[in-house]
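Required output: the full structure, derived from the provided sequences and hints.
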Amino acid sequence: MSEEMATITEYFKAGRSSDIHIKEKKKKKVKTDIAVEEVEVIDASTLELELLRGFDLDSRFGPCTGISRLERWERASKYGFDPPKEVRDIILLHSNETKYTESVWFGLKI
Amino acid sequence: MDSQGRFTRYEAKFVNNSERFLLKVKQYKRQYAHIYASRLWTMRANLLEAANSRWGKSIKCRKLSELLTDERCVLIGTLFKHMTLKPSILKEIGEEHNLIPQPVRDKYIDETDQLILEDELQRIVLTGNVDAQVEVTGVVVAVLGQEQSSNPGRFNVEEMISQTVAPQLDYPVIDKDKYIVFLSGLSIGNSSTNMLQLQLLVDLITGQLGDEHSQEQMAKVVRVVIAGNSLSHLTKDKEQANRAKYLSKKITPGTKDALMQLDDVLLQLCSCVEVDLMPGEFDPTTFMMPQQPLHHCMFPQASQFESLHCVTNPFDFSIDGVNVLGSSGQPVHDICKFSKLDDYLTILEKTLTVGHMAPTAPDTLGCYPYADKDPMLLSHCPHIFFTANAPRFGKKIYKGANKQTVLLLTIPKFSETFTCAIVNLRNLDCYPIVISGTCV
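Chains as they are written, first to last, in this note's numbering: chain S, 1 to 110; chain P, 1001 to 1440.
Since the hints were made in silico from the structure, they are not lab data.
Watch out, some of these pointers could steer you wrong.
In silico lysine-lysine, BS3-like type, Cα no more than 27 Å apart, as pairs [claimed, not checked]:
| no. | chain 1 | residue 1 | chain 2 | residue 2 |
| --- | --- | --- | --- | --- |
| 1 | S | Lys78 | P | Lys1373 |
| 2 | P | Lys1350 | P | Lys1337 |
| 3 | S | Lys109 | S | Lys99 |
| 4 | S | Lys109 | P | Lys1337 |
Owing to the predicted nature of the structure, the values given are computational and were not obtained by experimental measurement.
Written out as structure tokens, the structure is:
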């Protein structure tokens, strides 16, 4: 024949018949796990922490390590960069927790 | 002269403006990026204005991240001088196995030194009309030029400018001749220092030397500023500092006797004139700039007088409305080591025109890691700008573009030159007083 014969493995993946059964079982397990995750609620604190993280990583306000978030906000405000006021409010509300008052790099040995 | 044949010393109104150099909270865990950021932000506006007035508003000022090839534009950033001979902790550690120490040199310059401009996020190598030998790291500048497509990654500079000198308050009208005596480098504690000259100077200022005319002149001295290095470098015994405490129990540190001698000198001066004592490189205080005042407990006799003021280095004050600013010489000496400039007066003028007292801090000069400010920036232009512990006496009147007039003054080391400087506040006349123990 002039044209090449297509092989069956192009259409059906090669593998042992026992493996196919195992894969099906795994697929079933994965489906149930995803179902559990979808129920999870995104609460306000996650959003707040995301906002603070964004403030930390914003290069307009200068370096963020070695300085508390409030100090950095005050500094940015002093130099006229107009940092978002919500960030300051969040920091002041949670002034006891280092997760809010210090930058993302706090405590890590850099 | 009053009826009993006594001269009364003149008084002058003194205001200490060095609040910004005092460290309230000491936090050393920070890196130096914050100082550089503050420095750049503070100077950017002024530099933009200077660039617009010099090159016109039509030429765009770009950040390095927005740089386009073959576009003539203005960049504003901090200079970094890449120096091969600069002492580096990494080289020290890397060469540990070969035990080759880096030699201490007078100057760390080399022909291959390169200038790099850094802004908030990026850096670029400068080529063209720039002389790396006269520039130092830490100066904030504006450069006009372009990144040529034939030479990518490098910025070809046509012209480089620094900020316009800050405005100066009007010079006050003082009706009488009032003098300030500037003194530095007493180097007490060195056994080879001859104390005769210092004693003669103290006697002169306190009016116990000379005839009526010189006493009358000296009564017009309102203040004495001792600008650093009152103790000799020999009092800092590094070997002893590294020895175990139990081995050096019986040995008294060199600073103890030296401080007692200094206390005696200060006692004589403080009893009749206001004295400002600034710390210097070899004095027992903090190493990093700005150096904190010497503690008054070191001068048990002299500190009983209110006329002894232990102040910071750099020192900013105003006397009868005349603004005086200066340092004990470490910034200027550091620039001297890292550029080919030798004359202290030229370097002092350079620090005035670039707008920063110590641009090499924190790179090669120890500096406290500030978070939100850089206190050694010149926010206003002083009337008298001095540096101390210079090799010789020098003075120059600097005239700025906005009618600023500054007396630039280099105060020599007293232990070597036996010279001090005396400035007339009424008209900024300045001349050296040389105390010589031998007949000329």
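Any of the earlier hints contradicted here, and which numbers?
4
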